[in-house]
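Given these sequences and hints, build the entire structure.
There are 2 protein chains.
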Amino acid sequence: MTTKIDIQSTARMLLEKDNILILCHKNPDGDTLGSAAALAHALAGIGKKAYVSCHNRIPAKYDYLNIPLVEEGAEIDFVVSVDVAGINLLGDSLMEYAHKINLCIDHHGSNGEYAEYLCLKADYPAAAQLMYEVLCEMGCEITPHIADCLYTGILTDTGCFKYSSTTPLTHIIGARLMELGAQHTLLVEKFFMSKTRKAVQLERYMMNNLEYYFDDRCALLVLTREAILDIQPDPTDLDGLSSMPRDFEGVDISILIRPLREEGSYKLSIRTGETVDACAIASALGGGGHIRAAGCEVIGSIETVKKAILREVENTLCQ
Amino acid sequence: MTTKIDIQSTARMLLEKDNILILCHKNPDGDTLGSAAALAHALAGIGKKAYVSCHNRIPAKYDYLNIPLVEEGAEIDFVVSVDVAGINLLGDSLMEYAHKINLCIDHHGSNGEYAEYLCLKADYPAAAQLMYEVLCEMGCEITPHIADCLYTGILTDTGCFKYSSTTPLTHIIGARLMELGAQHTLLVEKFFMSKTRKAVQLERYMMNNLEYYFDDRCALLVLTREAILDIQPDPTDLDGLSSMPRDFEGVDISILIRPLREEGSYKLSIRTGETVDACAIASALGGGGHIRAAGCEVIGSIETVKKAILREVENTLCQ
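Those sequence lines, one after another, are chains A and B.
With this note's numbering as the guide, the letters of the first sequence map in order to residues 5 to 323.
With this note's numbering as the guide, the letters of the second sequence map in order to residues 5 to 323.
In case anyone wonders, no lab produced these hints; they're calculated from the structure.
Cβ atoms here follow ideal geometry from the backbone N, Cα and C, with glycine treated the same way.
Just to be clear, a hint being listed does not mean it is correct.
Claimed, not checked - Partial list, computed: chain B residues near chain A (C-beta under 8 Å):
| hint | residue |
| --- | --- |
| 1 | C164 |
| 2 | K166 |
| 3 | G185 |
| 4 | Q187 |
| 5 | T189 |
| 6 | L191 |
| 7 | S198 |
| 8 | F252 |
Here's what the structure looks like:
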């Protein structure tokens with residue numbers, strides 16, 4: 005049974021605890037890592053022991069966040085998940101905590117309510133926006149480095165203030181974080197203006213292999229195992245790839261299908277424009293997410309998987 | 005002799021005048037048009053006659069700004085230029101006003117000081133940010149439509165809050181305009197999330213034909229006459245294309261070579277990162293421009309033109 009709590013109660017709770025473990029979601033992005041890093045640094049700043057853990061190795065591009073990873077044998081008295089919508093998003097290596105999460109700080113409307121306490125702002129575009137308010141409420145000093153961590157979360161989860169989830173409050177907190185020392189130019193260049201060679205190769209692959217369906221309203225890309233072996237993309241590059249065709253004129257739904265480690269199993273990323281509910285499509289195939297960005301895992305051959313997702317897309321577009 | 009005035013004096017001056025003509029720069033963009041539209045609508049809102057003029061026909065994508073264009077024989081008592089850095093940027097058809105501009109509202113540090121009075125904020129990323137402050141100072145009501153006009157200027161001149169010119173104040177005014185009714189999602193989709201089919205085809209061509217030189221620090225694309233006939237791109241698409249490879253990791257110089265109408269004659273667009281002077285390279289071949297974006301026209305075969313530009317690039321990189 006999950007108890008929903010507000011920002012004030014969340015702040016009070018964190019101030020009372022020590023030896024805090026902060027959990028990120030698997031395949032971590034800028035928001036889960038930036039928010040976790042900000043919380044860990046802020047807790048350290050008020051004399052508490054705080055560590056971060058993630059199922060995956062932290063991608064090198066996030067090294068600057070200086071995340072204090074948990075060490076073997078650390079004493080843990082309180083477990084907080086950040087930007088983790090559901091238990092299954094923790095990843096296998098964190099499953100030991102599945103039923104031991106004291107507090108979840110999240111912005112996903114689809115949150116699975118798995119934690120003892122939940123601080124949720126489903127109308128916030130990034131967990132980092134909520135974390136900023138929690139840290140302010142706690143009276144923590146937002147150092148320039150913590151501002152960088154939080155700005156990272158907001159930048160990456162809003163596509164640099166582009167997505168429709170951006171609100172006036174997002175801009176106001178963005179302004180405040182810049183005033184506190186967040187390095188706007190450096191972070192924007194890092195995440196939006198320096199495409200790696202692999203990302204360029206992936207984009208080229210996408211341009212040459214994109215399939216169109218339903219009067220070109222649906223763009224679908226199958227990233228084959230061969231292409232992955234050839235390009236060896238970073239997981240972060242794949243996130244960008246799935247949303248790219250959504251920006252093509254006339255495209256309402258963009259789908260990326262990629263093989264999972266187990267043969268005959270695929271991960272689907274669904275990105276939609278204003279008129280289509282990505283989460284509804286993903287949910288029909290056992291997944292979930294946000295209204296504009298969702299995902300699911302489907303077992304089968306590439307042909308049956310394509311057929312399954314295109315059937316759901318057709319159902320949605322012909323409603 | 006130009007007199008520099010502050011926002012308060014600018015507001016007072018505008019409140020005293022009537023029959024106001026607002027001039028945009030040629031090849032108009034979202035900032036000059038959005039700022040001019042906002043001023044015209046705000047002046048109309050307080051009972052004044054105000055019209056806009058531009059050398060070029062206003063591109064259809066800006067129709068929603070509802071710009072009140074000046075009509076033949078309109079009485080004009082006061083002329084304001086908006087976002088126009090120099091007289092030569094008015095365009096031939098507005099040259100009659102060259103020495104009759106009473107007030108210039110601008111954000112270009114390079115402003116030519118051609119107007120009687122100049123209200124300049126060189127540290128603002130967009131003229132629209134300044135126009136917002138002028139309209140507030142005038143006590144004009146910022147209607148939802150005026151907010152859309154101003155948000156358009158800020159969005160397009162900051163690349164959606166991406167460029168390094170973005171400051172905390174930009175975010176704060178962005179928030180205020182959203183609160184006043186600016187349609188963030190609609191405008192962002194219009195300008196940043198709707199690549200035309202032709203733009204996508206061009207990008208695909210670029211991805212498949214880009215050549216790399218000098219340890220991949222220089223990316224060069226030859227857009228052939230055949231490709232142009234095949235894709236029939238809009239001129240605005242070509243501007244975007246030339247700067248795209250500059251955002252590839254490691255690329256300091258991006259060059260686009262395209263044929264001019266006359267056989268054996270080529271237009272070169274040069275875009276550079278922080279460390280390379282594009283204008284110096286273009287100047288060596290008889291062209292010119294800005295430090296990060298310049299161009300020139302070269303006569304010869306495609307082989308000799310490539311050789312000529314690569315020689316200049318080599319000179320610059322090996323300095």
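Quick check on B/G185 please, does its C-beta sit within 8 Å of some C-beta on chain A?
This hint is violated: B/G185 lies away from chain A, its Cβ roughly 11 Å from the closest one there, beyond 8 Å.
Interface restraint verdict for B/L191 against chain A (beta-carbon cut-off 8 Å)
11 Å, violated
Any CB of chain A closer than 8 Å to the CB of B/T189?
4 Å, holds
Would the hint on B/C164 be counted as holding, given a Cβ-Cβ threshold of 8 Å to chain A?
5 Å, holds
Identify whether the interface hint at B/K166 stands, where standing means a beta carbon of chain A within less than 8 Å of its own.
5 Å, holds
Interface hint status, B/F252 versus chain A (Cβ within 8 Å):
Holds: closest Cβ of chain A sits about 5 Å from B/F252, inside 8 Å.
Go through the hint on B/S198 and say holds or violated, using the shortest Cβ distance to chain A against 8 Å.
5 Å, holds
Hint check: 8 Å Cβ-Cβ cutoff, B/Q187 to chain A
The hint is violated - B/Q187 has no Cβ within 8 Å of chain A, the shortest such distance being about 10 Å.
The structure fails hints 3, 4, 6 (numbered hints given earlier, in ascending order).
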